[in-house]
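> Same order as they appear, the protein sequences are chains A and B.
Heads up: the first sequence begins at 1 in the numbering used here, then just goes up one per residue.
Heads up: the second sequence begins at 1 in the numbering used here, then just goes up one per residue.
Any given hint could be a false lead.
Stated by the list, open to error - DEER-style ranges, computed between Cβ atoms:
#1 B:Asp192 <-> A:Ser310: 57 to 63 Å
#2 B:Ser141 <-> A:Glu262: 51 to 57 Å
#3 B:Gly131 <-> A:Asn274: 27 to 33 Å
#4 B:Gly131 <-> A:Arg406: 16 to 22 Å
#5 A:Glu333 <-> B:Asp150: 53 to 59 Å
#6 A:Ala263 <-> B:Asp150: 45 to 51 Å
#7 B:Asp192 <-> A:Glu233: 52 to 58 Å
#8 B:Gly131 <-> A:Glu262: 16 to 22 Å
#9 A:Thr343 <-> B:Phe105: 42 to 48 Å
It should be emphasised that the hints constitute simulated quantities derived from the structure, not laboratory data.
Using N, Cα and C, we set each Cβ at its ideal position, and we do this for glycine too.
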Amino acid sequence: MRLPRIFRTTPFRLTLLFLALFTAAASLFLAYIYIATAGEATRRTDQDIRREMRSLVDVYDRAGVDAINRSLIERTSSEKPFLYLLVGKDGRRVSGSIEQSPVESFTGKPAWATFQVTDVDPQGRAVKHPARGLQEKLSGGEILFVGADAGEDEAYVAQIVHALQAAGLLVILLGLGGGILVSRNVSRSMVSLIDVVERVRNGETGVRAHVRGARDEFDELAQGVNDMLDRLERSMAGHKHAGDAIAHDLRSPLTRLRARLEAAYIDVEAGKGNAEEALVQALEDTDGVLKTFGAVLSIARLQAAGQAPSPVIFDPAELAADISELYEPFCEEKDLEYAAEITRDLSIRGNREFLAQALANLLDNAVKYTPAGGAIMLRVRRRSSGEVEFSVTDTGPGVPDEDRERVIQRFVRLENSRNEPGAGLGLSLVAAVAEAHGGRLELSEGPGKVGEMGPGLRVAFILPRP
Amino acid sequence: MRILIVEDDLEAAEAMARGLTEAGHNCARGADGQEGLTAARDGTYDVMVVDRMMPRMDGIQLVETLRREGDRTPVLFLSALGEVGDRVDGLQAGADDYLVKPYAFPELIARIEALARRRDTGSVQTLLKVGDLEMDLIARSVHRAGKAVDLQPREFQLLEFLMRHAGQSVTRTMLLEKVWHYHFDPQTNVIDVHISRLRSKIDKGFDRPMLQTVRGAGYRLDA
Chain A
1 MRLPRIFRTT PFRLTLLFLA LFTAAASLFL AYIYIATAGE ATRRTDQDIR
51 REMRSLVDVY DRAGVDAINR SLIERTSSEK PFLYLLVGKD GRRVSGSIEQ
101 SPVESFTGKP AWATFQVTDV DPQGRAVKHP ARGLQEKLSG GEILFVGADA
151 GEDEAYVAQI VHALQAAGLL VILLGLGGGI LVSRNVSRSM VSLIDVVERV
201 RNGETGVRAH VRGARDEFDE LAQGVNDMLD RLERSMAGHK HAGDAIAHDL
251 RSPLTRLRAR LEAAYIDVEA GKGNAEEALV QALEDTDGVL KTFGAVLSIA
301 RLQAAGQAPS PVIFDPAELA ADISELYEPF CEEKDLEYAA EITRDLSIRG
351 NREFLAQALA NLLDNAVKYT PAGGAIMLRV RRRSSGEVEF SVTDTGPGVP
401 DEDRERVIQR FVRLENSRNE PGAGLGLSLV AAVAEAHGGR LELSEGPGKV
451 GEMGPGLRVA FILPRP
Chain B
1 MRILIVEDDL EAAEAMARGL TEAGHNCARG ADGQEGLTAA RDGTYDVMVV
51 DRMMPRMDGI QLVETLRREG DRTPVLFLSA LGEVGDRVDG LQAGADDYLV
101 KPYAFPELIA RIEALARRRD TGSVQTLLKV GDLEMDLIAR SVHRAGKAVD
151 LQPREFQLLE FLMRHAGQSV TRTMLLEKVW HYHFDPQTNV IDVHISRLRS
201 KIDKGFDRPM LQTVRGAGYR LDA
């Protein structure tokens with residue numbers, strides 16, 4: 001049989017554990033109370049009996065057996081709460097309030113005994129009381145027994161024990177009840193979280209945990225779960241978008257490639273073929289597809305790793321100078337004015353290869369979109385914040401304010417540039433490189449409109465202090 | 001040239017062997033690392049093309065074992081793993097070059113021929129000569145038909161690489177890797193401009209151009 005859920009919850013189990021500990025502590029405490037009260041009452045009775053015994057022995061030692069006998073008769077008739085028995089040397093009862101000693105097998109050493117004494121209550125009925133007494137041998141050979149009614153003490157002790165039992169029961173009931181209450185409360189919060197997890201597992205990725213606003217750890221957990229789900233969903237959407245985009249960007253060149261090969265095949269088959277042209281074109285198309293593929297792979301790996309592989313600390317000026325040397329002739333060829341403004345002796349930490357590729361992509365883009373007669377500038381400087389900024393500014397058509405965020409997204413190319421060659425992955429890869437280095441990308445307007453040109457685009461690649 | 005292909009993908013290996021045979025080379029094949037190792041120990045090859053990930057023994061282990069045994073046959077690694085770290089791992093194991101899959105066939109041939117050539121020129125040369133083009137590596141000077149050619153440092157390195165591989169096709173990617181030391185493909189053909197500048201310096205005023213464009217592959221310096 002399975003226990004109801006409430007009994008299987010961790011809070012309830014914890015409650016039980018604490019209850020056990022608490023009960024143990026309470027038992028110790030109650031035991032102490034018992035010893036301090038009931039035990040104390042018994043001790044006091046014993047002490048009284050001993051004192052009475054001493055005073056009687058005193059009488060005997062001073063004045064002999066007759067004196068003690070008298071004293072006993074006196075005391076028995078008064079209201080003293082003691083029970084007495086004096087037994088002569090011959091073993092016969094001399095006097096006292098009880099008939100027979102409750103001490104069995106008396107050796108002569110002082111001996112204690114607990115026994116029942118029969119009394120008569122005001123209504124004339126016989127009532128048995130518990131009693132306790134001490135028996136000693138007197139120096140003359142007579143035996144003296146002094147006892148006391150322990151009934152009152154016993155009742156008191158019984159009362160205390162009863163009270164303690166009640167208290168113990170109350171502790172357990174309160175603990176159990178409290179435990180159930182707390183567990184139910186905690187369980188309710190947990191159950192709602194478990195429910196969310198279960199539903200997400202079953203594919204309902206849009207479900208979110210309820211944050212009650214109590215700002216406790218359950219709210220924190222719920223918020224954490226929600227943030228995690230948001231991130232996962234974004235990432236999944238990103239992958240789906242990337243998948244769609246890959247399909248889109250790979251399909252057109254592959255379709256073109258297929259058509260070219262088909263045409264070449266038909267030509268060759270018809271015997272009028274110089275298929276060479278088509279094949280060279282086909283190879284170029286294939287290279288384009290491979291480049292796109294490579295870029296997708298790089299982005300995916302960077303994003304999966306979350307950080308740049310094998311980073312080193314180096315001077316960004318060298319990197320910028322190297323890249324400038326690679327691109328300057330290319331710009332001149334395209335009738336673009338190229339300038340580099342490089343601050344020396346800065347240092348950055350990162351993967352040289354990826355950073356070089358990022359700069360190359362920025363320059364590729366600038367060259368691609370800037371019309372002949374325009375200008376491109378590469379700049380490396382330190383920001384007042386201590387960050388190092390690479391920026392590439394061109395005098396091309398720029399990117400409208402509202403589209404800037406979008407162009408960084410994977411594969412997004414603005415509609416008016418759809419006909420340009422290129423995979424549309426350039427900026428996405430740059431953004432991925434920046435992110436992997438703990439940096440970021442900022443797009444802003446270039447130098448502004450000059451004649452037919454402009455307003456241009458300025459892309460800043462910002463790296464944190466190493 | 002005798003080439004050993006160690007590749008577990010049968011189709012890829014056959015396509016490669018066919019292409020290399022057509023290009024006039026002699027191919028042998030090992031279907032996994034263990035077979036490759038046995039083949040490499042038994043035969044003499046000019047170049048080995050080794051796939052990185054294979055059953056039984058992977059490419060790294062294979063090359064490490066061969067190098068430990070003193071086999072210095074040039075090795076070209078083929079791999080689907082193209083990250084910087086993967087490349088470094090491959091080269092550290094003792095491979096001489098690294099080509100990421102998928103690759104263009106001319107790229108493969110160009111690299112294999114470059115590796116074989118590297119083996120020939122074991123001694124340190126200080127003077128390179130291709131046809132009437134001469135390069136003095138100590139004086140850092142270049143002459144064509146006795147006429148001095150003035151080159152920028154990078155153009156000098158570019159020409160040096162082309163001269164060391166004269167008569168072979170070299171791809172743009174190879175140039176970017178070996179001359180500029182970048183391992184990525186720019187979206188635009190930045191290399192072309194550097195080649196055309198170099199061409200204008202060494203071929204201008206001469207009837208016969210030495211620096212040829214090879215369609216679909218790259219460039220070639222002919223004597």
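> With reference to the structure, classify each hint as holding or not holding.
Hints and how they fare:
1. At roughly 31 Å, the beta-carbon separation of B:Asp192 and A:Ser310 lies outside the given 57 to 63 Å, and the hint is violated.
2. At about 53 Å, the CB distance of B:Ser141 to A:Glu262 agrees with the hint of 51 to 57 Å.
3. Take B:Gly131 and A:Asn274: their Cβ atoms lie about 31 Å apart, and the range 27 to 33 Å holds.
4. For the pair B:Gly131 and A:Arg406, the supplied restraint of 16 to 22 Å is violated, since their beta-carbon distance comes to about 54 Å.
5. For A:Glu333 paired with B:Asp150, a C-beta distance near 20 Å fails the hint of 53 to 59 Å.
6. For A:Ala263 and B:Asp150, the hinted distance range of 45 to 51 Å is satisfied, since their beta carbons lie about 47 Å from each other.
7. Taking the beta carbon of each, B:Asp192 and A:Glu233 are about 44 Å apart, not inside 52 to 58 Å as hinted.
8. Our hint of 16 to 22 Å for B:Gly131 and A:Glu262 is violated, since their Cβ atoms are close to 43 Å apart.
9. A:Thr343 and B:Phe105 have their C-beta atoms about 45 Å apart, which keeps the hinted 42 to 48 Å range intact.
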